[in-house]
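Colleague: From first to last, the protein sequence lines stand for chains A and B.
Going by the UniProt record's numbering, the letters in the first sequence line up with residues 1 to 503, in that order.
Going by the UniProt record's numbering, the letters in the second sequence line up with residues 1 to 503, in that order.
What the hints contain is simulated information worked out from the structure, not anything from laboratory work.
In this text, all values refer to a predicted model and were calculated from it rather than measured experimentally.
Any given hint could be a false lead.
Identical copies carry no separate label here, and so any pair may be met within one copy or between two of them.
[As the list claims (entries may be wrong)] 20 Å max Cα-Cα, derived SDA-like pairs, lysine to any residue:
(1) 313 x 494
(2) 313 x 344
(3) 53 x 33
(4) 313 x 448
(5) 53 x 16
(6) 53 x 64
(7) 53 x 291
There are 2 protein chains.
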Amino acid sequence: MATPDERGADGATAYDELIERYRQYQYLQHAEMVVMWDQQVMMPEGGAPARAKQRGALSTVGHDRLTDEAIGDLLNRIDEGELDDDQRAVVREIRRDYERAAGVPSDLVTRFSEYTAENHRIWNEAKAADDYDDFAPRLDGMVDLTRERSAAIDSARDPYEVQYEERQPYLPLDRVEEVFAELRDHLVPLIERIRTDGREIPEVVTGTYDAETQEELCRAALDTVGYDWDRGRLDTAPHPFMAGTQFDARVTTRYDESSPLAGLMAVIHEYGHASYQQGLRQDAYGSPLGSPRSSGVHESQSRFWENHVGRTKPFWELFLPIVKEHFPSLSDLTVDDAYAAVNRIYPENCIRVEADELTYHMHIILRCEIDSALVRGELDIEDVPEVWNRKMEEYLSVVPDTDAEGCLQDIHWSMGLASFHGYTVGSVLAAQLDAALREDLDVDGLVREGEFDPIREWMTEHVHRHGKRYPTDELIEEATGEPLSAEYFLDYVDEKFADLYDL
Amino acid sequence: MATPDERGADGATAYDELIERYRQYQYLQHAEMVVMWDQQVMMPEGGAPARAKQRGALSTVGHDRLTDEAIGDLLNRIDEGELDDDQRAVVREIRRDYERAAGVPSDLVTRFSEYTAENHRIWNEAKAADDYDDFAPRLDGMVDLTRERSAAIDSARDPYEVQYEERQPYLPLDRVEEVFAELRDHLVPLIERIRTDGREIPEVVTGTYDAETQEELCRAALDTVGYDWDRGRLDTAPHPFMAGTQFDARVTTRYDESSPLAGLMAVIHEYGHASYQQGLRQDAYGSPLGSPRSSGVHESQSRFWENHVGRTKPFWELFLPIVKEHFPSLSDLTVDDAYAAVNRIYPENCIRVEADELTYHMHIILRCEIDSALVRGELDIEDVPEVWNRKMEEYLSVVPDTDAEGCLQDIHWSMGLASFHGYTVGSVLAAQLDAALREDLDVDGLVREGEFDPIREWMTEHVHRHGKRYPTDELIEEATGEPLSAEYFLDYVDEKFADLYDL
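Using the sequences plus the hints, can you model the full thing?
Modeller: Have a look at this one:
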């Protein structure tokens, strides 16, 4: 593949050397992920000060490795005409990571990291005291740092877009903003109809459900969907998450003793993330070809398993008997009851992380509207609480009592802006993938029979095994035949909730 | 402290900059320790290939950070006359680590690491097949690499001594070899007397003891001795170990369902290691002043708690009732029974990791004699099994049936030579510290009352809080009033085993 003069003294081509250097950087990122997982799941409380130092050192050496001049030199030396498609994709992705990271001067990296570390404490205290004014100047500083960072990467473009692309590469922001506008225009009246015209769904799952049995139930759920335990674990964490690689993709959940289905749905969601990691090519470990495409595509996998599998009637036909084995007190529960319980809409809720399948997206869209307006200079910091509450009223007919339950509720803005899109992109893409999948397979029949392997294999074939081979928009077209579209998600929720709420 | 011309552009002195760079290196080492702990305790089996890459990358960046020319430049710039005692100790230790690491060329580091990685598989297969000939050429290669490595550090000195100093700095090898010779001359006849003239100690702890209750018992033991759970954990590992820092020092053990006291004694041993870590200065985290002195000093802490606390009658007077609460089937066990059971000598055993308090040291001394003779060119590779078996016969009157139970039993020689001394140094030093401690405190009375805090505080005062402030030999003199001496250990075992075995 390489011409002789591209080879170094030891016979390695510039391409070989480039990918080996990039892999070392990836291995350090993955080591940091292990250390982060440990911090959330295993670390004793007293370990925090040392862990902060360890993670700081890992981030620094990771950034140093990625921005090493040698990577820039190798990128310049490579003759892309000599490369095959896979190799060109690898070079495209490494170049993108390198250029974005190298564009940002070290002192800005340090200032950003020190600023967000300090933010964490201030945000926590402001939230506890329900005092937006204490956090407002820090949020202002985040806006300035975001603009500075975006300008360092590409001063010619919209700073919000440049920041957005950190997590959602190759998926144009204007397209996502169009999709979000369609969702808003459609979901707001749908939620309002459910609120005013929908039937009452009774609370049928009441009582206490011990955490130990809930954990056994979650293990049974993971067994049912075919989680590969040889490359994973289930543990408890204050905020459920998945962390790992194709060799070790770990899921976490939490158990609320009054709500056994919440921990279960969380574990199915995290399983979706794990299925993506476990479906990546093992031989491409550390290469862009063996890495997940984007946070939005990652979320499409968790949303697919959570909503298009775990919240369907066929799934509950299969799984309700297993729930009853674990909790005999639920022996009178019907499939319709369970289906309704896991799909119930709660428009009166103000908290994003507790939101249902529909209202969730209004929480996300609201945040994206506010932080884009901040970064684009269209909104003043002091107006955030008012705009937040006005949008909550407009979108969900509910106003939080306090800023702690309003604009201070999420940790995200203390760490960075433009980070919310992936959650909703993931749901939209999940519905689009589900529609394409159903063209090929009888999904309901397979789920009812507990045959999940063909479903996972379809996702691996169309999404996982490609890693970052295609740009995000191309991956979506390859997998579903068209660009990202709100249509499938809106059709899916229209049909599902009209039926569920007798609309 | 610093003269103005020593300061850099940002006002930091060369000393400040040096210690900050060294700390970053330490943080990376500690991150690798977390990742190693996870590998032993939490990782699913399939995670191994990725974990190997992650650990490799961490080792490489750690080595790069330590051997960075900037550290050499800073060491040259520092005017030690301007430093106080603590700072001089810090510079001494950083200089030692830097010079040893920088002396070894990168290609040798890489060859050594690749060679030992490959060794692991070959040693495993050779042990499984009981085929020394398959491992012999690899052991030969280890000898060559060890000589090469030692010569790169200091070609003028005994290569074995240079390698030994990697783990036992500032504790002259000739002194340790004298101590080992005294032990050998004393222990061989003592073990023989026990074997031939000692009373029979009956097996009183028989039956099955479930692992879950054993774990509860181990937690109770850690509660009893005052383990700080806010900075630690207890988990299960195939080979018990402790890993951590002053903020998070985790112990592990394993449970043999036929032998409840084995897991318990292992946990007390590992607690000793953890007590050292937890006793290090928190404000000196990452500095040599907040790091453990050496593997021998570390082992003195585990041996102290295991043997001089956990294997004493006062401890069993205190703890036997707790054992009986967990295992009511042991309700007839007396303190004398339990004391005898945990102190019984097994000279017929060939396996180091299963050895008792006395024979253990003959296993260690035998290994040190053999690997020093190999590195010093006084023994041929092919003669190792014969010499091993001859020494086993001479020291313990037992000959292993196979090389798998003989010279192939330990993983150590596949990873490096001259690594065994610390185990026996630790026991000798533990007895010496115990004697000094008993001059100040009524240890038996405190143990009987469950008052462990004063004992741990004495160790923190005399050992832990110093970190690497003193060279090892000075630390021993500061803590005990004299250099390392076999006398206390030999007096202790003479008295204990004469009594136990009616000699």
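Colleague: For each hint, tell me whether it holds in the structure or not.
Modeller: Quick rundown of the hints versus the structure:
With identical chains, the CA atoms of residue 313 and residue 494 are at most 20 Å apart within one copy only, with a shortest distance of 16 Å there and 75 Å across copies. Taking the shortest alpha-carbon separations for residue 313 and residue 344, only the intra-copy value of 14 Å comes in at or below 20 Å, while the best inter-copy value is 64 Å. Taking the shortest alpha-carbon separations for residue 53 and residue 33, both the intra-copy value of 15 Å and the inter-copy value of 14 Å come in at or below 20 Å. Proximity of residue 313 to residue 448 under the C-alpha cut-off of 20 Å is restricted to the intra-copy arrangement: shortest distance 9 Å within a copy versus 64 Å between copies.
Taking the shortest alpha-carbon separations for residue 53 and residue 16, only the inter-copy value of 17 Å comes in at or below 20 Å, while the best intra-copy value is 33 Å. Proximity of residue 53 to residue 64 under the C-alpha cut-off of 20 Å is found in both arrangements, the shortest distances being 16 Å within a copy and 18 Å between copies. In the homo-oligomer, the alpha carbons of residue 53 and residue 291 lie at most 20 Å apart only across protomers (15 Å), although the nearest pairing inside one protomer, at 27 Å, exceeds that limit.
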